[in-house]
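Novice: Next come the chains, spelled out residue by residue.
Number of protein chains: 2
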Amino acid sequence: MSRIKAVFFDVDNTLYDTAMQVESARRNVVLAMIEAGLPVEEKVALERLKKIVKKYGSNYRFHYDRLMESLGLEISPRIVSAGLVAYANAKSAYITPYAETVPTLIDLTRMGLKLGIVSEGVPVKQWEKLIRLGVQHFFDVVVISEDAAGKTPQLFHEACAKAGLKPSECMMVGDRIDKDIAGARKAGLMTVLVMTPRYSRIKPKDDSETPDYVIRALGDLIKLIEDVNPKK
Amino acid sequence: MSRIKAVFFDVDNTLYDTAMQVESARRNVVLAMIEAGLPVEEKVALERLKKIVKKYGSNYRFHYDRLMESLGLEISPRIVSAGLVAYANAKSAYITPYAETVPTLIDLTRMGLKLGIVSEGVPVKQWEKLIRLGVQHFFDVVVISEDAAGKTPQLFHEACAKAGLKPSECMMVGDRIDKDIAGARKAGLMTVLVMTPRYSRIKPKDDSETPDYVIRALGDLIKLIEDVNPKK
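Chains as they are written, first to last, in the numbering used here: chain E, 1 to 232; chain X, 1 to 232.
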């Protein structure tokens, strides 16, 4: 077995609680729009907004305009803007690392490991998260898949190549069986599922999606790496 | 002379220091982009960014992409995103009312006056400012001109009509001779130039652009209205 020389991380729900951030932001938006005059109950607006985000995708810019339209209302810049401000405030308040994220990144760096990000989505948005989390300087390698294929074995090979390492020398840490574990295992990396509050409870389809290790929180990585790396 | 029953305000540089906010935000953006790897000196980047904002307008979404291109660099999501986060942070930090803004709005409200906004620009952006300033609930009337014509006499007539008042019963307060004073005088409103830190030092072209009153700060409005309104 090769020595692990690099650890790659997923971003969303792995380095911070994305699901909580999204839910808090959405609630903040709806309350602010109601405060600004949206004549709808919170629950109704929330469910409608969820549908609109699903329909238009999370990177669409006019969710709140569409929300008003879909409620049969005239679009009001005052109400739309209240939503936009509330969203920006919630983003700045809730994109914060888990308690163990930064200490773990520091410990891994001290251990001489290279760190990286293997992510998918709009690059500027993924970088925004790393910067708001304040962790961007830890990573030597950042690869972000922009296309629908997502976290393919090729993407993991690209990350390993950028780190100057073989796949067997790299470890992928993420919360999703279907994305982080499946792709990385096929690419030949060591895989670790982290059971953060929203980790995927999806069952592996077969052995090719079964993580090599499961940890309860990011801090457990330190001991895991000490265990798997042959003593010098 | 009619009794003044409503006071309309300009937003930018009248209710808060927009110029300082824009300059601080721009500097914050450039420093963050350099910290993220932009290989240019602060002064060079600042001047180039100013030109790009001028060329594409302030509502364009890709200033930082164009900045990198114009410096002969490949667009980096990391660096662009650092700029976007820095801009958002500066916006949330610097869109704050002048010390006298809120107390004055409260005093005028206590005096039984209707308050309004006569502004120009993208409505969602102007509302965003009012909401971030936390003053949106003071205003019964908000009119925002979206077209290049700006603050025409018609726009002021629209504001008066919405307030249910004659132009002679309304007062316009702003920092710009060419926009706030010229248009409002032509429409028949009483006009007040407020010498906030960045008020326009433009000379009135003729008597039609000369303000009825000049005040040093928003707080002076209280005494001015007491003076101009006939005692009951």
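Watch out, some of these pointers could steer you wrong.
Copies of the same chain are indistinguishable here, so a pair counts whether it falls within one copy or spans any two.
Stated by the list, open to error - The calculated lysine-lysine pairs, modelled on BS3-like cross-linking and capped at a C-alpha distance of 30 Å, are: (1) Lys51 x Lys223; (2) Lys50 x Lys162; (3) Lys54 x Lys223; (4) Lys91 x Lys223; (5) Lys223 x Lys50; (6) Lys91 x Lys5; (7) Lys55 x Lys5; (8) Lys54 x Lys162; (9) Lys54 x Lys43; (10) Lys5 x Lys54; (11) Lys91 x Lys231; (12) Lys91 x Lys186; (13) Lys231 x Lys125; (14) Lys51 x Lys125; (15) Lys43 x Lys186; (16) Lys166 x Lys5; (17) Lys203 x Lys223; (18) Lys43 x Lys223; (19) Lys205 x Lys91; (20) Lys43 x Lys5; (21) Lys186 x Lys205; (22) Lys231 x Lys205; (23) Lys55 x Lys231; (24) Lys125 x Lys50; (25) Lys50 x Lys91; (26) Lys162 x Lys55.
Since the hints were made in silico from the structure, they are not lab data.
Novice: Which constraints among the numbered hints does this structure fail? Numbers only, ascending.
Specialist: Checked against the structure, the hints that fail are numbers 1, 2, 3, 4, 5, 6, 7, 8, 10, 11, 12, 13, 15, 18, 19, 20, 22, 23 and 26, while the rest are satisfied.
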